[in-house]
Structure formats: structure tokens, C-alpha cells
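Visitor: Sequence:
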Amino acid sequence: MTVDSVNDSEDTNTEEEEGWRVEPGDESGAAVALTVGRQLKFWRESKGVRAQDLGTQLGYGADLVRKIERGERIPRPEYLDGADEVLGAFGAIKVLKKDLEEVRYPKRVRGLAKLEARAVEFCMYSNYTIHGLLQTEESSRALLRTSRPVYEPEELERFVRARVARRAVLEKTPSPEFSFVLEEVTLRRPFGGKMVLRRQLEHLLEVSELPHVGIQVMPTERADHPGTGGRIALLKFGDGTGAGRTDGDFSGQPVSDLRRLRILELRYGIIRSTALTPAESRDYIEQLLGET
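Note that the numbering used here has the sequence shown beginning at 128, numbered continuously upward.
Heads up, some of the hints might be wrong.
[Unchecked claim] Here are the simulated DSSO-like cross-link-like pairs (lysine-lysine), alpha carbons at most 30 Å apart as the crow flies:
1. K225 / K241
2. K363 / K321
3. K299 / K224
4. K241 / K221
5. K225 / K363
6. K224 / K174
7. K174 / K225
Simulated from the structure, these hints should not be mistaken for lab results.
Produce the complete structure using the sequences and hints provided.
Guide: Written out as C-alpha cells, the structure reads:
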């Protein structure tokens with residue numbers, strides 16, 4: 128008899144709990160979630176703790192505890208920290224966070240996160256919104272709320288967390304080199320309201336002070352604008368290879384062959400040379416901040 132078989136009827140919590148659902152079709156994510164869930168259940172039952180009691184101590188319902196143990200939900204890092212302390216696992220549960228580092232990302236952005244982790248140089252042109260690596264958390268949330276159809280609250284938060292987690296590449300050691308070109312309009316559109324925009328502009332100024340980050344603004348008045356083909360993302364790796372993507376060519380699909388990468392590099396170089404310099408861009412962002 129397991130500790131859960133006693134007084135299960137006491138669990139009347141039916142509200143939707145925090146936690147990340149395993150996406151349909153995400154086989155690798157499901158496998159990791161199930162393995163971690165089994166480990167959590169082993170520790171809980173070996174300590175003679177009911178799911179309801181563990182949930183109470185962690186501030187969650189017993190329903191979430193069971194869903195995590197069945198591999199139906201992916202536990203957040205703070206859940207593992209709390210479970211480790213409550214169950215006296217001395218770090219054996221906390222260490223599971225490393226197994227979940229990859230599956231914390233939604234499946235559709237997991238491959239991108241892997242590439243960004245390998246890159247030694249980033250070349251990014253954004254024409255609709257401020258690039259995700261430069262967004263504040265509240266800007267990301269406000270932007271994602273404009274998507275149609277709308278995200279469910281849990282799905283929205285998972286995408287926000289994934290976007291925030293990706294920003295860790297800006298703080299890596301050794302530091303990759305970053306070059307961003309942002310359209311002027313992306314600095315003026317007040318997603319989330321003026322105060323959110325102000326804090327976003329302040330964040331851009333802070334990031335622009337990092338020695339390995341260059342931020343340039345493409346003024347709307349540029350009549351010879353070479354970026355009409357859409358966004359460009361170009362990643363270069365330490366072994367001389369790379370990966371890139373653009374809206375306008377190659378059916379919008381990621382590419383890695385040298386010929387296509389040269390096309391993207393050439394196009395990005397022209398865009399960067401047409402934009403304001405980093406120093407001019409900083410002055411311009413400060414001006415916009417004063418007007419906001």
C-alpha cells in the first residue's frame with residue numbers, strides 16, 4: 128500500500144495549478160518528464176509523505192503533485208527546490224533541474240535554444256518587434272498577449288519563461304559577439320503601455336553598454352532601406368559553420384549551407400551599414416526615452 132492510498136478522498140482541489148503541460152507530440156519532453164516524475168514519487172513515498180501533504184507544504188494542490196509524478200506536468204525549478212528541502216533529499220532532487228533544462232522550452236523553440244547555446248556570433252535584424260533576446264519580461268508578456276488565437280495563461284507563461292531563459296546567452300563566458308539592428312518602429316510601439324515601453328528602452332540602454340553587444344537603429348526615413356526582405360537571424364559557430372534564417376528567402380526555413388549563409392551575411396552587412404551607428408543609436412534611444 129502506498130502513502131497515497133490513505134485518505135485520497137480528502138483531496139478536493141480541482142483548480143488549475145501552476146506547472147507546464149507536456150505538449151502533445153513532444154516525445155522527448157514526455158520521456159524526461161516521466162523519468163523525473165518517477166524520481167519525485169520515489170522520494171516522496173520513501174519518506175512516507177502523502178501527495179496532499181507535500182502539496183500543502185509546497186503551496187500547491189495534491190492534483191499537481193500527482194500530475195508531475197505521472198509525467199503529465201513539467202515541474203518548475205522552484206518546485207524541485209522546495210521538494211528537495213521538504214523531503215530531505217540533500218540535493219538529489221535539486222539536481223533533476225539539469226535534466227529539465229531543455230524541456231523547459233516549448234518544443235518549437237527548443238532547437239533554436241540549442242543553436243543559440245553553441246553560437247559565438249549573433250547577427251539579428253528585427254523589423255516588427257524588438258528582438259526576443261533584448262526584450263524585458265513584461266515586454267515579452269505584453270507582446271505574446273497580442274497573438275491570435277490567444278495563448279492559454281499557462282502556455283503564455285511558459286513561452287515568457289522560455290524567452291527570458293534564452294537571454295542567458297548574453298551573460299555567457301566567454302561572451303559571444305552580438306549585433307542587433309532594430310527598426311525605429313519597434314522602439315515606438317507601446318506594447319503593454321508607456322511604462323512598459325519606458326522600462327524596455329531603459330533595458331536597451333543598459334544592454335548596449337555591454338562591450339560584446341552592438342545595438343543599431345534603422346530609421347524609418349531611410350529611403351534606400353535594404354531590409355525589405357524581412358527579419359534575418361544569423362548564427363556563427365566556433366568551428367566556422369553557421370545557421371541562418373530570413374523571412375524573404377529559402378521559404379523561411381533555417382539554412383546552413385555556405386552559399387545561402389553568404390547571402391544572409393551580405394544582406395545583413397548592408398543593413399547594418401545603412402543603420403545608425405551604435406553611438407548614434409544610443410543617443411536616439413535616449414531621445415525616445417525622454418519623449419515617452
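Visitor: So which of the earlier hints does this model not fit?
Guide: 2
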